[in-house]
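The opening residue of the sequence shown carries number 1 in my numbering; numbering runs sequentially from there.
Hints should not be assumed to be uniformly reliable.
Restraint-style ranges between C-beta atoms, simulated for each label pair [as the list claims (entries may be wrong)]: (1) Gly-20 x Arg-49: 16 to 26 angstroms; (2) Gln-134 x Val-220: 34 to 44 angstroms; (3) Thr-27 x Val-220: 29 to 39 angstroms; (4) Pro-13 x Gln-134: 20 to 30 angstroms.
Lysine-lysine pairs mimicking BS3-like chemistry, simulated, CA-CA at most 30 angstroms apart [as the list claims (entries may be wrong)]: (5) Lys-61 x Lys-133; (6) Lys-61 x Lys-48; (7) Lys-48 x Lys-133.
Honestly, the hints are just simulated from the structure, not real lab data.
Values in this document were obtained by computation on a predicted structure and should not be read as measured data.
Each residue gets a CB set at the ideal place from its N, CA and C atoms; glycine is no exception.
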Amino acid sequence: MGLPGWRLIVAAPEGPLLEGLRDLGVTVEPLATTSTARFVRALREVLKRRRPSIAHSHLAKADILLAAAACDLPVTLVTTEHHISPDRYMFHPSRVEARLMEVVHRVRLTRFAAAIAVSESTKRDMLQRWHPKQSIRVVLNGVDRPTSLPARAAGLRMLSLSRLDAEKDVQMSLQAFARLLPDHPHATFTVAGTGTLSEELEAFARTLGIEQQTRFVGFVDAQEAMAMHDVLLQPSRSDNLSYALLDAVAQGMGVAASPIGGNPEILPQRCIAPFNDVNALAQIAVTQGLDLSARPSLSSSIPTVAEMVDAILDVYASSGWQNRIGGRRT
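Given the sequences, and given the hints that come with them, work out the whole structure.
As structure tokens, this is what we get:
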């Protein structure tokens, strides 16, 4: 979509993102990742050379690095927070480090003129953990409604589409599938994605005796995978406003998910299983697969991509960037 009325430049490490942006004709600035100090220096050089009106960072590491790189430069900083785990110790090796990082975020937020959260849940976590001085604007992730949907019929082709890491709790999805399989022997389960637990999860499937009905397929095209399956299983331990869930609902899939983060902002209660309740997750998955009328639909509160962009531009307009020296709409 770009940012209508603005020139967009994307600074990031080399990889698929920058390759795709180049194909779209977007100006990119590759950043070295060999060390934190080198990254900050490279980003600061980009800011000095490009002289943007706004520098908008995404995810915690980029937020901290941008705050360091932009020190004393005439640029307005905006941040979007996409993911705060409800378990404050999930992504840190110790309680001391977890608390320290909360202090770091509290301090770095003093450098930002505006802050965006991708869900009401994320906003609550930001307020509770970081105590920001500025107001936080919720801009829900946008998803366009397909002009045509794949033909949907009742079925029990289950799909997991996520990183194979602990916070996604694919293990519980495997347990739920094992629980429903005796009553529905023709059901299948596709585990898509890569991650640190790939081998462990495959071994767990063998332990459960479901390896014949379960496929681990690695990276896949998300839209194609959703078109070929009936129900998305996502009992995550940490999610904010999941694009996998948004896309699944937009594509007419059934969904069985946990009550984490922004999931209740996307899904009706009939699609949400309590934590650790394998029986409930299995039952929801079966109902979602066999009863098309029980499947969720996108609420009007979920914006299109264009509406999401407009909301972000509203945040820019209220950030005070015009008061910065040498401001151009970049």
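How the hints compare with the structure:
For the pair Gly-20 and Arg-49, the supplied restraint of 16 to 26 angstroms holds, since their beta-carbon distance comes to about 23 angstroms. For Gln-134 and Val-220, the hinted distance range of 34 to 44 angstroms is satisfied, since their beta carbons lie about 40 angstroms from each other. For Thr-27 and Val-220, the hinted distance range of 29 to 39 angstroms is satisfied, since their beta carbons lie about 30 angstroms from each other. Restraint check, Pro-13 to Gln-134: a C-beta distance of roughly 28 angstroms satisfies the suggested window 20 to 30 angstroms.
Between Lys-61 and Lys-133 the CA atoms are separated by roughly 20 angstroms; this keeps the pair inside 30 angstroms, and the hint holds. The straight-line distance between the Cα atoms of Lys-61 and Lys-48 is roughly 21 angstroms, inside the 30 angstroms bound, and the hint therefore holds. With a C-alpha separation of about 27 angstroms, the suggested pair Lys-48 and Lys-133 falls inside the 30 angstroms cut-off, and the hint holds.
Hint compliance for this structure: no hint is broken.
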